[in-house]
Amino acid sequence: MVLCWQALTHYQILSKVMTPLFLIPREVVSAKQNIYYGYCGYMELDDQKEIVKYIQMGYDPGVFSVLSIIPPQKLLL
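Its first residue numbered 31, the sequence shown is counted upward by one per residue in this note's numbering.
If you are wondering where the hints come from, they were derived from the structure by calculation, not from laboratory data. Note that the Cβ used here is the ideal one computed from N, Cα and C, for glycine as well. Please note that a few of the clues may not be correct.
As the list claims (entries may be wrong) - Here are the simulated distance ranges between beta carbons:
hint, residue 1, residue 2, range
1, 62, 34, 16 to 22 Å
2, 78, 42, 16 to 22 Å
3, 85, 43, 16 to 22 Å
4, 74, 49, 27 to 33 Å
5, 40, 80, 17 to 23 Å
6, 77, 39, 31 to 37 Å
7, 43, 77, 26 to 32 Å
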């Protein structure tokens with residue numbers, strides 16, 4: 031994750047024009063806690079609406095998880 035973040039912030043993934051657009055907040059998640067969501071994930075802002083930190087998770091909380099089950103070979107129908 032660190033290498034990906036470094037590549038992103040050093041313009042190796044997106045251009046210098048697109049990177050700031052990718053990293054800005056888009057939607058309010060919690061106005062009370064200053065948590066926002068953007069294309070890059072969650073972020074915390076201070077009272078002046080400057081980004082304090084990016085909150086990265088190991089999964090996408092907006093995607094419904096689907097479980098696949100493979101039945102045993104000797105399944106009788």
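Hint by hint, here is what the structure shows:
no.: 1; hint: 62 to 34: 16 to 22 Å; result: 30 Å, violated
no.: 2; hint: 78 to 42: 16 to 22 Å; result: 30 Å, violated
no.: 3; hint: 85 to 43: 16 to 22 Å; result: 19 Å, holds
no.: 4; hint: 74 to 49: 27 to 33 Å; result: 19 Å, violated
no.: 5; hint: 40 to 80: 17 to 23 Å; result: 21 Å, holds
no.: 6; hint: 77 to 39: 31 to 37 Å; result: 24 Å, violated
no.: 7; hint: 43 to 77: 26 to 32 Å; result: 31 Å, holds
When the structure is compared with the earlier hints, violations turn up for hints 1, 2, 4, 6 and for no others.
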